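**Student:** Put together the whole structure using the sequences plus the hints.
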Amino acid sequence: MAATQEEIVAGLADIVNEIAGIPVEDVQLDKSFTDDLDVDSLSMVEVVVAAEERFDVKIPDEDVKNLKTVGDATDYILKHQG
Amino acid sequence: MSKIKPSRGAPYARILGVGGYRPTRVVPNEVILETIDSSDEWIRSRSGIETRHWASDEETVAAMSIEASGKAIADAGISAEQIGGVIVSTVSHFKQTPAVATEIADKLGTAKAAAFDISAGCAGFVYGLTLAKGMIVEGSAEYVLVIGVERLSDLTDLEDRATAFLFGDGAGAVVVGPSQEPAIGPTVWGSEGDKSETIKQTVPWTEYRSGEVAKFPAITQEGQAVFRWAVFEMAKVAKEALDASGLSPDDLDVFIPHQANERIIDSMVKTLKLPEHVTVARDVRTTGNTSAASIPLAMERLLATGEAKSGDTALVIGFGAGLVYAATVVTLP
Chain A
1 MAATQEEIVA
11 GLADIVNEIA
21 GIPVEDVQLD
31 KSFTDDLDVD
41 SLSMVEVVVA
51 AEERFDVKIP
61 DEDVKNLKTV
71 GDATDYILKH
81 QG
Chain B
1 MSKIKPSRGA
11 PYARILGVGG
21 YRPTRVVPNE
31 VILETIDSSD
41 EWIRSRSGIE
51 TRHWASDEET
61 VAAMSIEASG
71 KAIADAGISA
81 EQIGGVIVST
91 VSHFKQTPAV
101 ATEIADKLGT
111 AKAAAFDISA
121 GCAGFVYGLT
131 LAKGMIVEGS
141 AEYVLVIGVE
151 RLSDLTDLED
161 RATAFLFGDG
171 AGAVVVGPSQ
181 EPAIGPTVWG
191 SEGDKSETIK
201 QTVPWTEYRS
211 GEVAKFPAIT
221 QEGQAVFRWA
231 VFEMAKVAKE
241 ALDASGLSPD
251 DLDVFIPHQA
261 NERIIDSMVK
271 TLKLPEHVTV
281 ARDVRTTGNT
291 SAASIPLAME
301 RLLATGEAKS
311 GDTALVIGFG
321 AGLVYAATVV
331 TLP
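Just so you know, the sequences run in chain order A and B. With full-length UniProt numbering as the guide, the letters of the first sequence map in order to residues 1 to 82. With full-length UniProt numbering as the guide, the letters of the second sequence map in order to residues 1 to 333.
Some hints could be false.
Said to hold, decoys possible - The calculated lysine-lysine pairs, modelled on DSS-like cross-linking and capped at a C-alpha distance of 27 angstroms, are:
id: 1; chain 1: A; residue 1: K65; chain 2: B; residue 2: K309
id: 2; chain 1: B; residue 1: K270; chain 2: A; residue 2: K68
id: 3; chain 1: A; residue 1: K68; chain 2: B; residue 2: K195
id: 4; chain 1: B; residue 1: K95; chain 2: B; residue 2: K200
id: 5; chain 1: B; residue 1: K273; chain 2: A; residue 2: K58
id: 6; chain 1: A; residue 1: K58; chain 2: B; residue 2: K71
id: 7; chain 1: A; residue 1: K65; chain 2: B; residue 2: K200
id: 8; chain 1: A; residue 1: K79; chain 2: A; residue 2: K31
id: 9; chain 1: B; residue 1: K195; chain 2: A; residue 2: K58
id: 10; chain 1: B; residue 1: K200; chain 2: A; residue 2: K58
id: 11; chain 1: A; residue 1: K58; chain 2: B; residue 2: K95
id: 12; chain 1: B; residue 1: K195; chain 2: B; residue 2: K107
id: 13; chain 1: B; residue 1: K71; chain 2: B; residue 2: K95
id: 14; chain 1: A; residue 1: K68; chain 2: A; residue 2: K58
id: 15; chain 1: B; residue 1: K71; chain 2: B; residue 2: K309
id: 16; chain 1: A; residue 1: K65; chain 2: B; residue 2: K236
id: 17; chain 1: A; residue 1: K65; chain 2: B; residue 2: K71
id: 18; chain 1: A; residue 1: K58; chain 2: B; residue 2: K107
id: 19; chain 1: A; residue 1: K79; chain 2: A; residue 2: K65
id: 20; chain 1: B; residue 1: K239; chain 2: B; residue 2: K270
Stated by the list, open to error - Covered stretches of chain B, as calculated for chain A (at least 3 residues, CB under 8 angstroms):
id: 21; stretch: 215 to 224
id: 22; stretch: 227 to 241
What the hints assert, rightly or not - Interface residues of chain B toward chain A, partial, derived using beta-carbon atoms under 10 angstroms:
id: 23; residue: W42
id: 24; residue: I264
id: 25; residue: K270
These aren't lab readings, by the way, just hints derived from the structure by calculation. Just so it is clear, the structure is predicted and the values come from calculations on it, not from any experiment. Don't be surprised by glycine CBs; every beta carbon is placed ideally from N, CA and C.
**Tutor:** Here you go:
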């Protein structure tokens, strides 16, 4: 079953918490991964790979750079999830 | 049809000795910061690199290789005349003909050993090791010297903030010889030429010579794509190499991945779920990324510092431009 927006944000919050140690409550739709959540470009790759597994979605390298905020990633997953 | 006598060598092969050479000049991040807008903290957090070595004019590819090889030959307890093959992996020897391996074989005092260069980027050491094993088991050489050597400082764009801090120079060598027990496992290797743009020389030499491009060629890479491939795809290859050797992560003492970037190493260790007791090579911190030289240099340092010991079981994996990769399990000399 496809995940809802709330489920995706919660899932991303778990992933960002696991990889970058950011409190889950800080992971909100309007937050920028690099500027607000201290997720650098390499950690972002780890976040993307974990999100691919969790939400059954493929996020190619060329699309990763467009995922600036948690909202961008959530929209992408909503649109592409299997 | 005439019957050809079969060639036969030793039952197995093993690494008998290792040696390394790091150029005299140690280059801290402060020097890199003279040409890029970055910070020591940024470089350390993205790569783990604190210092690297840059070769002088005298520290040529051949000179560094001869130093490292001399140590490896002494460590193996053999003499140079016993060496029947010299394999050099490098992408930064600018005189391509003749192969630099021939000069090294001669200056070391081998007895006309077969000598050739290979180009397999950062996987070059494990590619060479695999060839050496084959030569020994097949019987065309009793002892083979495998050298990984680079002067990547010559191919570094010091104004590129994504790569200026990454590369270093040095040489690492091993002597591979006969063994009565398996001490080099099956190699899991391959290439992915469809990803050739991921890590590459910026332009061919000919474009630089013709003046089409003013800037000397350098190595460039797509950082995120390399990171994803190196961590997640290479962890699978490392696991396959372990499986092919009939071992589990618990059987390992040491993990020596290509020293590309400490963040890649950290993530690989996490993805592979290596047990706590496995010693992980982190030579990249003070040596930088030396491509083909990185695995033997890291191996030499772990043995020299006592972090690893002779007889330990080590998983080694090289991966890089091509893209190419090669992994195997070895018993440390």
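**Student:** Taking only the CA atoms, is the gap from A/K68 to B/K195 under or equal to 27 angstroms?
**Tutor:** holds (25 angstroms)
**Student:** Taking 8 angstroms as the Cβ threshold, is the statement that the stretch 227 to 241 of chain B is covered by chain A upheld or broken by the three-residue rule?
**Tutor:** Coverage by chain A holds for the stretch 227 to 241 of chain B (4 residues, Cβ < 8 angstroms).
**Student:** Would you mind confirming whether the straight-line C-alpha gap from B/K71 to B/K309 stays at or under 27 angstroms?
**Tutor:** Holds, because 17 angstroms separates the two Cα atoms, which is no more than 27 angstroms.
**Student:** Any CB of chain A closer than 10 angstroms to the CB of B/I264?
**Tutor:** With a closest approach of 8 angstroms, the B/I264 hint holds.
**Student:** Below or equal to 27 angstroms on CA atoms is what counts here, so check A/K65 against B/K71.
**Tutor:** violated (46 angstroms)
**Student:** Would you settle whether the hint for B/K270 is holds or violated, based on the nearest Cβ-Cβ distance to chain A being less than 10 angstroms?
**Tutor:** Interface hint status for B/K270: holds (9 angstroms vs cutoff 10 angstroms).
**Student:** Does the structure keep A/K79 and A/K65 at a Cα separation of 27 angstroms or less?
**Tutor:** holds (17 angstroms)
**Student:** Given the hint that A/K68 pairs with A/K58, test it: the Cα-Cα distance must not exceed 27 angstroms.
**Tutor:** OK: A/K68 and A/K58 at ~17 angstroms, within 27 angstroms.
**Student:** A/K65 and B/K236: Cα distance at most 27 angstroms?
**Tutor:** Holds - the C-alpha atoms of B/K236 and A/K65 are around 25 angstroms apart, at most 27 angstroms.
**Student:** Is A/K65 close enough to B/K200, meaning Cα to Cα at most 27 angstroms?
**Tutor:** Judged against 27 angstroms, a Cα distance of about 21 angstroms means the pair holds.
**Student:** Holds or violated: B/K195 and B/K107, Cα atoms, limit 27 angstroms.
**Tutor:** violated (38 angstroms)
**Student:** Holds or violated: A/K58 with B/K71, Cα cutoff 27 angstroms?
**Tutor:** violated (49 angstroms)
The structure does not agree with the numbered hints 1, 6, 11, 12, 17, 18 stated previously, though it agrees with the rest.
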